[in-house]
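Given only the sequences and the hints, what does the whole structure look like? Please build it.
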Amino acid sequence: MLLVPLSSPFYERAKVLKHDSDFSNITIQSSEFFCFPLWDIPQFSFLNPFSGFDKSSTAPAAFHQLFCQHHYHYSSFVPIFTDGSKSDGHVGCGVVFPSDTLSYRLHNCFSVFTAELVEIFHALQEISPSNHRDFIIYTDSMSSLRAISHYDNRMPAVALEILSILQFLRNEGFNMIFCWVLSHVGISGNEIADSIAKFASFFLSQDIPHSDIKKSLVSHLHTTCRKITICRLTTNCNL
Numbered sequence: 023m024l025l026v027p028l029s030s031p032f033y034e035r036a037k038v039l040k041h042d043s044d045f046s047n048i049t050i051q052s053s054e055f056f057c058f059p060l061w062d063i064p065q066f067s068f069l070n071p072f073s074g075f076d077k078s079s080t081a082p083a084a085f086h087q088l089f090c091q092h093h094y095h096y097s098s099f100v101p102i103f104t105d106g107s108k109s110d111g112h113v114g115c116g117v118v119f120p121s122d123t124l125s126y127r128l129h130n131c132f133s134v135f136t137a138e139l140v141e142i143f144h145a146l147q148e149i150s151p152s153n154h155r156d157f158i159i160y161t162d163s164m165s166s167l168r169a170i171s172h173y174d175n176r177m178p179a180v181a182l183e184i185l186s187i188l189q190f191l192r193n194e195g196f197n198m199i200f201c202w203v204l205s206h207v208g209i210s211g212n213e214i215a216d217s218i219a220k221f222a223s224f225f226l227s228q229d230i231p232h233s234d235i236k237k238s239l240v241s242h243l244h245t246t247c248r249k250i251t252i253c254r255l256t257t258n259c260n261l
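Note that our numbering has the sequence shown beginning at 23, numbered continuously upward.
Do not take every clue at face value.
Each computed DSSO-like pair below joins lysine-lysine, with the alpha-carbon atoms no more than 27 Å apart [what the hints assert, rightly or not]:
hint: 1; residue 1: K220; residue 2: K237
hint: 2; residue 1: K236; residue 2: K108
hint: 3; residue 1: K108; residue 2: K220
hint: 4; residue 1: K237; residue 2: K108
hint: 5; residue 1: K236; residue 2: K220
hint: 6; residue 1: K77; residue 2: K220
hint: 7; residue 1: K108; residue 2: K77
Worth flagging that the hints you see were computed from the coordinates, not collected in a lab.
Listed below in structure tokens is the structure:
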């Protein structure tokens, strides 16, 4: 890590911090916003088979049984499970189809919220050439489902893309259902999606929302400044 005098202007110190970070090879997502006609705004809703049950006071086996009942009711629909994951140094997303899986690694700047949306979008893209027409998409990200549900000019660009492809699929005769599922209660499709997202290695080039870059940059600045402060207060600096 390069050190600059504390008396240097902030922009000079920030340039050094940027140089030491992972922000060099990124593409910021366009902030352009497209609108659906008022008479043709896509309708979006989702199922919640666990409504009314508290995870802290309900056994995982009970949730698994609820899901089995739900799955039986929608047995004519092709199930697709999606999940996003973010940990230190790794962001990934996974999609589980009945006979195949897809997993992608994303840039570390992506938030887990955006990763969850990205994987839903790519699941919908894979559906397009299918001969089947009835699909149900499962995700454990309630925030993603709520973001897609509330159409306005502040919604994430990826959520808009989801609505756009969803509208296309419906116009092509697809019957699409979305459903929220609890994580870590023994639902195999969700567990597999979570696992492949955590270990995804194939890098997906994807524009990053400016909000994610801002959060990542601020976090990096705080961490780096803390390291610099500690370094200056110690006699042996190995940064």
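Results for each hint:
1. K220 / K237: holds (21 Å)
2. K236 / K108: holds (17 Å)
3. K108 / K220: holds (7 Å)
4. K237 / K108: Measuring from Cα to Cα gives roughly 14 Å; hence the hint holds.
5. K236 / K220: holds (23 Å)
6. K77 / K220: holds (23 Å)
7. K108 / K77: holds (22 Å)
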